[in-house]
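Student: Residue numbers (my numbering), protein chains in the order written: chain U, 100 to 209; chain C, 12 to 124.
Worth flagging that the hints you see were computed from the coordinates, not collected in a lab.
C-beta atoms are modelled at their ideal positions from N, C-alpha and C, and glycine is treated no differently.
Be aware that one or more of the hints could be misleading.
[Said to hold, decoys possible] Residues from chain C shown here face chain U by an in silico Cβ test under 8 angstroms; the list is partial:
| hint | residue |
| --- | --- |
| 1 | 23 |
| 2 | 110 |
| 3 | 113 |
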Amino acid sequence: GIQVEQSPPDLILQEGANSTLRCNFSDSVNNLQWFHQNPWGQLINLFYIPSGTKQNGRLSATTVATERYSLLYISSSQTTDSGVYFCAVEPRDSSYKLIFGSGTRLLVRP
Amino acid sequence: GAGVSQSPSNKVTEKGKDVELRCDPISGHTALYWYRQSLGQGLEFLIYFQGNSAPDKSGLPSDRFSAERTGGSVSTLTIQRTQQEDSAVYLCASSPLSGQPQHFGDGTRLSIL
Numbered sequence: 100g101i102q103v104e105q106s107p108p109d110l111i112l113q114e115g116a117n118s119t120l121r122c123n124f125s126d127s128v129n130n131l132q133w134f135h136q137n138p139w140g141q142l143i144n145l146f147y148i149p150s151g152t153k154q155n156g157r158l159s160a161t162t163v164a165t166e167r168y169s170l171l172y173i174s175s176s177q178t179t180d181s182g183v184y185f186c187a188v189e190p191r192d193s194s195y196k197l198i199f200g201s202g203t204r205l206l207v208r209p
Numbered sequence: 012g013a014g015v016s017q018s019p020s021n022k023v024t025e026k027g028k029d030v031e032l033r034c035d036p037i038s039g040h041t042a043l044y045w046y047r048q049s050l051g052q053g054l055e056f057l058i059y060f061q062g063n064s065a066p067d068k069s070g071l072p073s074d075r076f077s078a079e080r081t082g083g084s085v086s087t088l089t090i091q092r093t094q095q096e097d098s099a100v101y102l103c104a105s106s107p108l109s110g111q112p113q114h115f116g117d118g119t120r121l122s123i124l
């Protein structure tokens, strides 16, 4: 089955710093979503981005489907950005299930 | 409601007991999904419903697990004869149609003693 790899696994930032999280996937996908799991365990939708670039406030994401990767940019990080960021893809042959990466655990220090 | 609602939020039970977990999707969403998040396995797909039918049950870990959906709305995930390895957070998601963005509930944290 399709493999989803995220890097880095862990990241510590000082408040105000910028960061880039990466998601690589091993096969063609129909869609890709980025989620933030906050310290209370809630999974929050960030982006639905099968291709191209989207921006939402301090966050933006770019997916290059032909090269099988996606990037999540966090600018001017805040302590509330802490948590785990997951990338999840919908495989071409089963475009209803999400296959998740193992996540990037982010800690933003004040 | 405004989002996906799951109940109970926490469940502690003894090994060997049966448990039922409930999911109430976003109104109008025809697709419903169950996932499990555990320390060793990360987030894994369990089952998908389109309306009341489940075209893909391939993620269910064993025949002790079953799920149903009635009226194209509420779904229940049942685990029979629970084992300690069933301890995890069970997450439900819904989307307007399959292949569209999935929105997750807050999950049920299941602990098997």
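Student: All hints, please: hold or fail.
Tutor: Okay, the hints, checked on the actual structure:
Taking 8 angstroms as the C-beta contact cut-off toward chain U, the hint placing residue 23 (chain C) at the interface is violated, the least distance being around 16 angstroms. Because the closest C-beta pair between residue 110 (chain C) and chain U is about 5 angstroms apart, less than 8 angstroms, the hint holds. Satisfaction of the interface hint for residue 113 (chain C) is found here, the shortest Cβ-Cβ separation to chain U being roughly 6 angstroms, below the 8 angstroms cut-off.
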